[in-house]
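First to last, the protein sequences are chains A and B.
If you read the first sequence in our numbering, its first letter stands for residue 1, the second for the next number, and so on.
If you read the second sequence in our numbering, its first letter stands for residue 1001, the second for the next number, and so on.
Careful, some of the hints might be misleading.
Below, computed lysine-lysine pairings styled on BS3-like, alpha-carbon distance capped at 27 Å [as the list claims (entries may be wrong)]:
id, chain 1, residue 1, chain 2, residue 2
1, B, Lys-1210, A, Lys-270
2, B, Lys-1128, A, Lys-270
3, A, Lys-270, A, Lys-168
4, B, Lys-1210, B, Lys-1128
5, B, Lys-1210, A, Lys-168
Hints were generated in silico from the structure; no laboratory data involved.
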Amino acid sequence: MSANTRSNRLLQPSATVRHAILLATGALILVPFVWMVSLSIKPPGEIFGTSFSFWPAQFYGIENYTKALTEAPLPRYMGNGIIVCATILALQILFCAPCAYALAKLRFLGRDLLFGMVLIGLLLPHQVLSLPLFILGYQLGILNTYAALIFPYVVSPFGIFLFRQFFKTIPDDVVHAARLDGLSELAIVWRIMVPMALPAVIAFSIFSVVGHWNDLFWPLIVVRDQSLMPPPLGIMVFKNEEAGNDYGPLMAASTLVVLPLVIAFLAAQKWFVEGMTGGAVK
Amino acid sequence: MSEPLALSSASGEPSATGSVRTLPSPASPTRRRAFTEALAAWTLAGPAVFFLLVLFFLPVIGIFVIALSDWQFGVRSFSFVGLANFREVFADPGFRTSLLNTVAYVLIVVPGTVVLGLLIALLIESGKSCRSFYRAIHFLPFMATLTAMAIAWEALLHPTIGLVNQTLAAIGLPTANWLRDENTALPVLAAIGIWQNLGYAMVLFLAGMKSIPQDLYDAADVDGADLWLDRMRTVTLPMLGPVSMFVVIVLAVRAFECFDTVKVLTRGGPGHASEVLLYTLYRESFEYLRTGYGAAVAVVFLAIVVTLTLVQAGVLDRKVHYQ
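Okay, chain A solo, but in the shape it has when bound:
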């Protein structure tokens, strides 16, 4: 007994070791965030000095953040990000939920074919489709508009898939009862299925918004006007064209771009982890 506990204690990481290692790796992980915030509140003199301190001798945050908000149209970028992400999400739910309901609860010729199409759609990396989608956008005359940023994503195979999986767990009796109450199929989708599948809707919303808020590839291809750029593209242009070596405002701008998702994540960690991993491993 005593031999057992001793070797247990020897081989299982003790609480102290566990905390020591995890605090160390955690600190390393946070270094880029801390450095970014630190530079964003330092005056140029201290940034280019050789001091090591996190907190500046002279607090220069107000100047840097004002510069980031005025010299780069940062509020505009954030607004664009919100418009694009919100529209994409709304359209995705609008188109995916009815389709997922049909796949989960209705019997019809071609259902397996349709589900196969959804699975193939899941398989395709979006960047591969960018050239034909760019040509399509050009033909439609919508390049360099909000529509260009939105249209490739109005339907999400992942959304259909996720909703279908969730809808299948809702008992058929619920659907029968709703029909007996005289609800149309469409009303069943929006008044019964979607509210009951709220966890899936939230998980998908997080997945979608995070993905599109952070996306650089597609906006880079279809948008030229600064007034239309979402945050990642905007901040890249700010870095290349204006800020250059003006690190303070650049870091302030980066901090502001990262901040909304980080706050949302810390506030709803469980939901974010679920949304981002797609309920992959049960």
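Could you slot chain B onto chain A? The hints should help.
Then chain B, alone, in the frame of chain A:
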């Protein structure tokens, strides 16, 4: 982003046709009922089907057509040229460098991320306190806008004022111009890739550990596996096998899709030292407007990603009975 994951759960489940359903009530005239149901289904699915066809299937066909033809932006003529574009791509030393760089990047990022993610997950799971705190910290980079964080990394890696070089100099180690040196650019980008993804691997492993039944640990106890290491060796790690396979493939796909850091930090340079497939695809298609070349690169990229995902689906299908 993490879309390929969904396939795994699809394969584990009985197919739609095999499932028992009771929807059409037996009293109703069945044929008419079936027709209304099919009509309703296709009406509900209609918009999604339309957009799936236009935004996914048409473009896939399109990319193959462009890859096999001499079509250019703004040119009306169009003829099939067979595999000429692919021959050009594979004869181009620039593309071969890009492909090799991408493979090297994946071979650093995937093992690094899996090992670190697994170790951190094991450590977090080995105690009860502060679990969600540690999970949150390590997961944070996966959420954060990579373009903005790349800019923060550039400041960290700055040759003179960057924290990395200042620290190295302070403890007497050699410094480097990390992003401008062709020996360090790609490894540094890979390190950023590991930094970004290890929290993702961690949460997948944590979820995998949660699903290991307690009975197995009890059985291991009865069999004399008292030591923590023994329990790891006989229960935890073997039971994580399928999850690990899944994590490896998902991370490999994500690593193959590396683009943001390259675009922001190195633009493929110095020389071609950090050029990766998606960056080549982007530059050839949209900066040089070499559509045939760009489309051929896209097809190669598609082939790699689809193969990886199918391997995953196949392996997981076979391992479903593991538990």
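Evaluated hints:
{"no.": "1", "hint": "Lys-1210/B <-> Lys-270/A", "verdict": "holds, 15 Å"}
{"no.": "2", "hint": "Lys-1128/B <-> Lys-270/A", "verdict": "holds, 17 Å"}
{"no.": "3", "hint": "Lys-270/A <-> Lys-168/A", "verdict": "holds, 23 Å"}
{"no.": "4", "hint": "Lys-1210/B <-> Lys-1128/B", "verdict": "holds, 13 Å"}
{"no.": "5", "hint": "Lys-1210/B <-> Lys-168/A", "verdict": "holds, 24 Å"}
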